[in-house]
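Residue numbers (the numbering used here): 149 to 392.
Please note: incorrect hints may appear among the correct ones.
[To be verified] With a cut-off of at most 25 Å between alpha-carbon atoms, the simulated SDA-like pairs for lysine to any residue come out as follows: (1) Lys152 <-> His273; (2) Lys152 <-> Ala288; (3) Lys208 <-> Asp222; (4) Lys208 <-> Asp337; (5) Lys152 <-> Gly311; (6) Lys208 <-> Glu331; (7) Lys208 <-> Trp181; (8) Lys208 <-> Arg185; (9) Lys152 <-> Val379.
It is worth saying that the hints were derived from the structure and are not from the lab.
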Amino acid sequence: MTGKHRGPAPEDAASFAVRQLPALRTAVAELSWLLSRGYAERSALALVGNRYGLTVRQRKAVSRCAAPEDAAADRRRRRVEPAALRDEVVHVDGFNAIIVGETVLGGGVVLVGQDGACRDLASVHGSYARVSKTDEVLGALGELLAPAREVVWYLDRPVSNSGRLAGMLRERAEAGGWPWQVELVWDPDRVLAASEAVVATADALILDAGVRWVDLGRALVERAGASAWVVDLAEPPSEPAAPR
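All chains, please: the whole structure from these sequences, using the hints.
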């Protein structure tokens, strides 16, 4: 079964309106400052979220965009551009890459964080459902990964429908003549964090393991152009945000 889309939530137009950006960007900067000084993320997020009166979804966005200053800079240094993938082995964080792609093409909010990575606000809660843009996303990802010498997709075995998605990936690889392998594993994060290949992910825990990584979400945003809804929370606030 194919779902409708992975577009914006009903409250996103208000939550991420232009007038909200100063508070959101200030919150990201302040949370990043606190994380850089060893504060626990949960309590620091509560402090910043309460200070600026952020909703649950806005807090989720702030959390996904913030990072300790040193970690953000280190992640940026290790990022590999898609154009540099020729002859590389690429290991793909499957759900991470596909869901951000579905968000980009579905008109959902795509966040840019302190490390420059593009992330979505979706979550896989034990089950994955393909949406109307899934086939298009797989085709676009295939084109981006085509220069690679070898591509291994890792999917979470415990997630419902991961087997079906694995089948889709294998079919697309055969049709496109792409050198893909698809692995269903219990803990993709652990496997990818230990990888010596270029890892296609925006997962902070994997990035902080020191891997070289490629941001396929950003590449899809660039391909989509003006149709992508990008909320850049890494930019310094253009005006001071007052606490609420």
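| query | Among the hints numbered above, which are violated by the structure, and what are their numbers in rising order? | reply | Number 6 only.
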